[in-house]
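All chains, full assembly: derive it from the sequences and hints.
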Amino acid sequence: MQTLTQRLANPTRFMELSARLLPWISAAAAVLLAYGLYLAFFASPADYQQGETVRIMYIHVPCAWLAMMVYALIALSSFGLLVFRHPLADVSAKAAAPLGAAFTFLALLTGSLWGKPMWGTYWVWDARLTSVLILFFLYLGLIALRSALEDESAASKLTAILALVGVTILPIIKFSVDWWNTLHQPSTDFTSTVDPSMRLPLLVMAVAFTLLFFAMHLKAMRNEILRRRVKALRTQAVAGRDRLAAQGAE
Amino acid sequence: MDLGPHAAFIWISYAAVTVTVTGLILWLIADGRKQAADLEALERQGVKRRSSSPGVR
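Protein chains in written order, with our numbering: chain A, 1 to 250; chain B, 1 to 57.
Misleading hints may appear alongside valid ones.
Said to hold, decoys possible - Computed far set for chain A versus chain B, every beta-carbon distance over 10 Å:
{"#": "1", "residue": "35"}
{"#": "2", "residue": "45"}
{"#": "3", "residue": "51"}
{"#": "4", "residue": "126"}
{"#": "5", "residue": "149"}
{"#": "6", "residue": "161"}
{"#": "7", "residue": "168"}
{"#": "8", "residue": "176"}
{"#": "9", "residue": "177"}
{"#": "10", "residue": "181"}
{"#": "11", "residue": "185"}
{"#": "12", "residue": "187"}
{"#": "13", "residue": "200"}
{"#": "14", "residue": "240"}
What the hints assert, rightly or not - No more than 20 Å apart at the CA atoms, straight line, and that leaves these computed lysine to aspartate or glutamate pairs for EDC-like:
{"#": "15", "chain 1": "B", "residue 1": "48", "chain 2": "A", "residue 2": "242"}
{"#": "16", "chain 1": "A", "residue 1": "231", "chain 2": "B", "residue 2": "38"}
{"#": "17", "chain 1": "A", "residue 1": "231", "chain 2": "B", "residue 2": "40"}
{"#": "18", "chain 1": "A", "residue 1": "231", "chain 2": "B", "residue 2": "43"}
These aren't lab readings, by the way, just hints derived from the structure by calculation.
Ideal Cβ positions, reconstructed from N, Cα and C, are used throughout, including at glycine.
Spelled out as structure tokens, the structure:
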């Protein structure tokens, strides 16, 4: 019996399935996002210490969560490519990289905008902020390395190796607030560190952003599959013309 | 809605997320349309995938 990953190994089957799933995931993300924004602005209180700026948390935490989750997904896809040679693993890794870079950028930016009124500074070179900045550079490195190499197979393997080496940054980010002194607050624990009145909006926004990412990732994967089909057809067309030219010359 | 003395920080944060995410979505839609149009143009020229099945994009 085939596993789900084996069944999805066929790009044509993936295109059929993703075409069916994409509208539902997008709609669910949009509805949850609207509900989350309502909760964030109208149905949650200001913090007793941070005041209204706590509302930045409802976008900062989901972006930071996605920054790490997307990298873990890229590392998993890279493992799938290098070990199992799964045909969609490289498509998944390539499609996720720009999205991960965008969410990491947003986590840094919103964190910085939250930091100024709370800490008195936009930036400090402490462990949490610096390790997330390194994650952002890792994303840019993955994108740059892939576009620097013309041979797609070599580019896939090299970016997969870089992604797997870079995965060591994830535990450093996660535990940086425990291992070193930092201005950043400890990791968000939904059950104890967030007041119940703020837990629901944060949870709804986190799920909404996660669904939003999966919708964009599916769309980006579909685009990448189409791009590879176009490239294959162009190569096929050129090879056909060369064959005809050779036959004509004989 | 009164967001207090730091309202600008809150609005800029939400605006940055909105602009970036909207930009990503528009880019993905435009890229998808371009790839589909390129594929259709090639197929119209008679270049067919060996494993192509009708109606699958």
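Going down the list of hints, with the structure as the test:
no. : hint           : result
1   : 35             : holds (16 Å)
2   : 45             : holds (13 Å)
3   : 51             : violated (5 Å)
4   : 126            : holds (20 Å)
5   : 149            : holds (21 Å)
6   : 161            : holds (27 Å)
7   : 168            : holds (27 Å)
8   : 176            : holds (22 Å)
9   : 177            : holds (21 Å)
10  : 181            : holds (25 Å)
11  : 185            : holds (17 Å)
12  : 187            : holds (20 Å)
13  : 200            : holds (19 Å)
14  : 240            : violated (8 Å)
15  : 48(B) / 242(A) : holds (17 Å)
16  : 231(A) / 38(B) : holds (10 Å)
17  : 231(A) / 40(B) : holds (13 Å)
18  : 231(A) / 43(B) : holds (12 Å)
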